[in-house]
Structures are given as C-alpha cells and as structure tokens.
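Chemist: What follows is the residue order along each chain.
There are 2 protein chains.
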Amino acid sequence: MHPDAQHVVIVGAGFGGLEVARYLANTAVRITVIDRRNHHLFQPLLYQVATAALATSEIAWPIRSLLRKQRNVTTFLGKVVGVSSQERKVLLDDGEAIPFDTLVLATGARHAYFGHDEWEPYAPGLKTLEDATTIRRRILAAFEQAERETDKVERGEFLTFVVIGAGPTGVELAGTIAELARDTLRDDFRNFDTRDVRVVLIEAGPRILPGFSDNLAAYAHRALTDLGVEIKLGQAVSDCDAGGVEFGGQYLRAKTILWAAGVAASPAAEWLHAPTDRAGRVLVEPDLTVPGHANIFVIGDTAHVEMPDRKLVPGIAPAAKQEGRYVAEMIKARLRGDKVSRPFTYKNVGSLATIGKRAAVVDLGWIKLTGRLAWWIWGVAHIYFLIGLRHRLAVALSWLWIYITGQRSARLITQDEAKEGGIPV
Amino acid sequence: MHPDAQHVVIVGAGFGGLEVARYLANTAVRITVIDRRNHHLFQPLLYQVATAALATSEIAWPIRSLLRKQRNVTTFLGKVVGVSSQERKVLLDDGEAIPFDTLVLATGARHAYFGHDEWEPYAPGLKTLEDATTIRRRILAAFEQAERETDKVERGEFLTFVVIGAGPTGVELAGTIAELARDTLRDDFRNFDTRDVRVVLIEAGPRILPGFSDNLAAYAHRALTDLGVEIKLGQAVSDCDAGGVEFGGQYLRAKTILWAAGVAASPAAEWLHAPTDRAGRVLVEPDLTVPGHANIFVIGDTAHVEMPDRKLVPGIAPAAKQEGRYVAEMIKARLRGDKVSRPFTYKNVGSLATIGKRAAVVDLGWIKLTGRLAWWIWGVAHIYFLIGLRHRLAVALSWLWIYITGQRSARLITQDEAKEGGIPV
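So the sequence lines, in the order shown, correspond to chains A and B.
The opening position of the first sequence corresponds to residue 1437 in our numbering, with each subsequent residue numbered one higher.
The opening position of the second sequence corresponds to residue 1437 in our numbering, with each subsequent residue numbered one higher.
It is possible that part of the hints are untrue.
Each pair may be met inside one copy or between any two copies, as identical chains are not told apart.
[What the hints assert, rightly or not] With a cut-off of at most 20 Å between alpha-carbon atoms, the simulated EDC-like pairs for lysine to aspartate or glutamate come out as follows:
#, residue 1, residue 2
1, 1804, 1632
2, 1747, 1587
3, 1668, 1553
4, 1793, 1713
5, 1668, 1440
6, 1505, 1706
7, 1804, 1593
8, 1768, 1440
9, 1505, 1774
10, 1515, 1580
11, 1588, 1650
12, 1515, 1583
13, 1804, 1774
14, 1563, 1721
15, 1525, 1556
16, 1783, 1713
17, 1793, 1583
18, 1515, 1623
19, 1563, 1587
20, 1668, 1585
21, 1747, 1624
22, 1783, 1677
What the hints contain is simulated information worked out from the structure, not anything from laboratory work.
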C-alpha cells in the first residue's frame, strides 16, 4: 500500500462499518477501523445470550480477526470522543488524533429511556454483550431467590418478569423467558412450580410488532398468549423502581424488569454539530454524507435516511449493510474521478421475528409467513448470516440441543451486580 | 422423601461436593446443596477460557440442572459465612440459618499471594470464571495497546507476559500464550510482529512441574522453550506492581503479569475453629471428619489429608471426587447402623499437563508418556471427564477448530476493568 494512498477511517465495526471495509478490499486506499470494543456483535441474536440459549462467543467475532487477511486495513481498539472536520481528524479519549481523508461514522445506537435515565438500573436494556449477561444474571438470579424465599407474596414478585416494549426484541425476550420457565427450568426447583411464572409484556402502542403487518402481529400476539405471556397494550410506563413498574395507572410489583422500548443514536451528531431527528440520528444527504462535509459519511442506526415514501430506512442489519456497501462504492467511484452522485436506495429484504421455539413471523414483502415454516426460515436465515463456519456450527449445535432436550447450556450467573454499578439483587 | 429423613447439607458444588450428592441418590436422606455460584466449574480447563480457546459456558454447568433429576436434592444459591456446630446450623450471609444433621464442607481454595495480597490487582490468579475472563481481557488488551503504541520500548512492555509459578496451571498458561501470539494472532496486527512477544515463566523452585517426575518435567521444559517461553528457575518474586515484576534481584518491565504460584484453602477452618496446616486446610481425621465433630466432613482442596507415606493427597479433581464418594458411602453406612469406620485411602490416578497444542506430559504411575500421544490422551481424558454430551461436543468442536485453523473463537474483551475493581489498563 502506497503511504500516500487516501486514508479512510471507519468508526464502528458493526454491520455497516464492517461492510465498508470489506467492499474496499483490493482498493488503493489505506483503511483504519476504530471501535471501542474488540468484537463485532451479531445483535439480532443478543436476546438469546440474555436468555441463556447462546454463549457470548457464539455471536461475537474479534474485529481484527475478521479483517486480518485484508492487508489495507489496520484495526484500532479505541474510544472516539470527537471529530475535527476542519482538521480532518478523529479524536480519541486518550488524546490521540487520527487524521483522515474520508470518514465513515457507523457508531450505532444505545437503548434510551425517553428522558428517564434514572430507570436504567431497574430496567436494563439490551445492546451489548455485557447488557446480555446482565439480563441473563437478573433472570437466573430471580429464580434462585424465589427458590430460597419462603414468603409466598415475595416469591411471586421474584417470579414476575416484565418486558417493556413490544418490538421484535421485546417480543423475543418475553417469549423466550416464558419458555425458559415452562420448559428448560421445569424440573429444577423444589419450592415452587415454574408454571406459576408471570411474564408481562407492556406496550404503549395499540399492538405488538409495530413494524409488521396487522395479520402477522395478530398471529404473534396469539402465539405469545399461548406461551402464557400477558400482553398489556396502549399503556405507557410512567415509572420504574426496585420494587416494580407503574403503567396505565397501576403498579405491578416485579423484581425483574427489562427495557426493550427505545433507542437513541450514538453521539456522532454532536461530534459533527450536525442536524438530527428526535432520536439523535444525523439527517444525512441522499448520498449519506453529512450536509456540508462531502468526505464524511454517516450510516446505520446513527443515520436518518428516508425512503421515497418518506418512511425511515429501518434500524436493522440488512439496511446498515446496504448503506455500508453503498458508501464503499461511492468512495471507489470518487477514486475513479466519477463525479455523478447516485442517491442511496434501500431495498427492503423483509422482517423476521420469532416467538419461542415453534413460532415466528416472516414478512418478505411479496410473501408473509407464520408458524413452523416461518420459524425454520428464521433459524436458517440467522445461521446463514453468521460469519464463518465455526460460529454457524456452534449456534446450530446450541439450537439443536435446545430443540431436542429443552436444556440451555449458557445458564451462568457471572460478575457481581455490585461490581457492575447496577442495583443489588 | 420423608420430612423426618436425615438432612445432609453440602456446601460447595465442586468435584467433591457434587460427588457426595450423586452417591446419595436413592438414599433415604434429604440433601441441600449450597453454593455461592450457580454453576459447577471444570477448573482443569479454566486456563483455556483465560486464553480464549474455550467459552465460559463450555466448562460450566448450572448446579441445579445437574441435580434436577435427583428428587432428594434441593439446591440453594447462597453464601455461607459460618457454621454453628453446636446448634448444627450453617449460617448464610443474609442471616438465614440452615439446620443440618450431617454437614459436608467442600468449599475449595482460592489463589493466594503468600502475605502479599497487594499484588493481586497487578497479577490476577485463576480460580473462577471471572478470573478467567479478567485474564483473557488483560492478555487481549495488551495486544490491542501494543498495536496503538508508537514508542518501541513501551510496545515491548505491552508484549511481555509474565507467568509466576510453574505448576500445571502456570505451564499451561505460558505455553498457550506463546502459541496464541505465534499462531492465532500472527496475521492480525500491522504495527508489530507477534513473534516478538516475550513470555516469561518464573518459578521459585529448582524446576518446573514439581508434582511430576524429573524426566517429564525436563521434557516439558524443552517443549516450553521450543515454543519460545523463557523459563527462570530458582528465583522467587519479591515485588509486583503496575509496571512489572521484581525477581532474583532484577526488575522486568511487563504490562501483563499472571499469578499461578499459590493457593490457600477457603475459610471453612475458621468457621469450625478447627486446626489447619499452613495453607489453611483443615487437619481432618482419617475418615475425613473434623476432630470432635463426627457429623462434619471436610473434603477436597479445603482438607489436609495424608497418604500412608505422609505425602499430601493432591489438590486435583480425582482426589476430591474420591473423597466425595467415600463420604457418601460413610453416610450410607451410618444410616445402616454400621459403626466400623474404614479410613479414606487415595488411589493415585496420575497427573497430566499440556504444553501448547502438540505436547503434553502424562504420568499414570505405571507409565509415563510425553509428546503427541500424551497430548491426545490428555485431550480425550479431559473431554471424557466433562459432564454430558452437549459440553463434550462443544469442547471437541472448539479444539478441533483450533487444531485445524489455529483460530480461537472466544477472543472477547468484555467488562470494563474499572467496573471490576482492578487497575485501569
């Protein structure tokens, strides 16, 4: 690689950032990928780590290992805290400044509490591996405490699990917790019947799975109800604390509350002083550049991208990947001296969600499916999108084992709650 | 189970405690197993989690899941803080007191710093899953920092790994780190050559692997040296800090120091006010009971048990299991009204240690083996001793993958150092 080659800095090695790097292989650019984590995470299956079905390493890959054959890429573990667009430098938290010619910000989103960050200790959200092991610990520890609790009312509070938000993550969490109780843990306790576990799914909107069609959502609603999940629609949460959750004018006592209701973009917009939407996403140009900065792209969950019908490009992996590939093609076109700027267009590849181990909803646009067949399509699609044979084999083995025996192998309570800054359980 | 049945309380679900519970299946006793962790841990492979070869869930099992079919067992997650031998009660940290007729203490050991606990933040030891992920993070983070470090001397400090103590754990850690650098990570970095990594193994004694014969130790010494490990014998460590380690009159600058030098028994002896040896192990009677308390047994790493030749029964899994089985048989004999107390005798089943992925030493007493064959025996034996087909398949897949591709799938840096109370890296 010529040292004078254009330097492309990519911040964030999620689905979008990684795709940019890959489509710039065999291109005459130097690439630096910066991420504050050492691993790429397959977020669509994160809820399975949270519910003890998969191990952390089954849905994560060391970023530098994924990019090790691509000799024009250097990978840095580092935390970006700012961008100097004038000096064309990315600023790291240790004071280092990394110069760039072209910058791609693909820094993703975090769960958000709509101005109620004080709820976070009581209702953890699910975005990182640590979030997943925190939720796993909370769920498993609640069962452990129920086994030791002699007071019936208090035991009931340990056995009440509340999931706030009924998008795909909330639906998948609620369904899996219900199944965990009724199936996996059925024979494990002596002092209570795991069928007494309550799983309550609270949604402010009028129905679950707002991104799906009415028919599919109605099917998912029935499937969840069949698993024993209590669904509360049209009721916004007004408070969360260590004792439970307040919603729709009532207070439900519960020791475990999980947050799947909202996300906010990473602070990339603040770094750029760029205009954003309400969720903090950068309002990018049709070619995904930041207004006024033709050499800075923003993609994935950090970008606000509209489709021709004014709907937002959804915050899902295929969208981030399409944007990443588009940006790589743009960079290549500019290298060739190509001045024409074709706007980004999103190709809808469908939405999938699963409800327990026998039902799913699949909406591919041209066809909508439910039930067993949808569940198999969901499973095969997710294994297909994992990177590499090793992870595919491992996840397939884990799923096969759960399917046949009902037993989950990742039922580990690790790390003290106290050491993590959370509330003591 | 008759509610008047004798109540056996087992504290600790390691190799010893679990064996007691299992050999009391189909026996007319009520059993309560108490552990402060929810999982049984296969400690012999813990160093493989620390070196990113295995996932945490591959060497751990939920205790209550292992015992779920045994209807006379109740499992409690709880932390024991004392024993009232007069009132026959086990005291938990939340104030609860659990009555027992017979008590088995199988609480294991922790790593120990010979009166230098202030070294722990700089030289973490390896006994729990969290210890393993801490060490894994330290090792992987050092490589990440070396990639970003521009000063050659400082980079060298990031690439110097010191292991203190050359028993099986120290030897296995040192060998695996050397292999990790030279094999797994070879293509992953752009700013240094991973062959420049230094792995230094420091041992106060005159040779490595003191528990093995001279021949086997000499073979292991050569095998480690071939992997590039520098072995420093007869040199005790006199200080550890954030910058490095002092030993044999010199100070070696190194950012990563690992402790594999000593263990101390759990505080069971303090609970019982029982006499101990220097490492805190309870000096038990020949029938593994505590002097003066015929209904309290101590087994495993917490017990000081001598063989006829006055040597100590070693702190390894097979010894703990034999002791556990012996205690279960004692309890059954007492239930039958059998008054004869046959002393415990240890049957030596051999020692094994592995050096990297091609060499091992195996001492079965009647035969001593080295090299490839020993390595295969080591591997097959360890897979055999894992519990259940699920874990055997998972570990076999992980090993096969590493053997063929050299790639390790558990290279995750998780949990902030700061959140864990350690030093910032």
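Chemist: Out of the numbered hints, which ones does the structure contradict?
Modeler: Those not satisfied are hints 1, 2, 3, 4, 5, 6, 7, 9, 11, 13, 14, 15, 16, 17, 18, 19, 20, 21 and 22.
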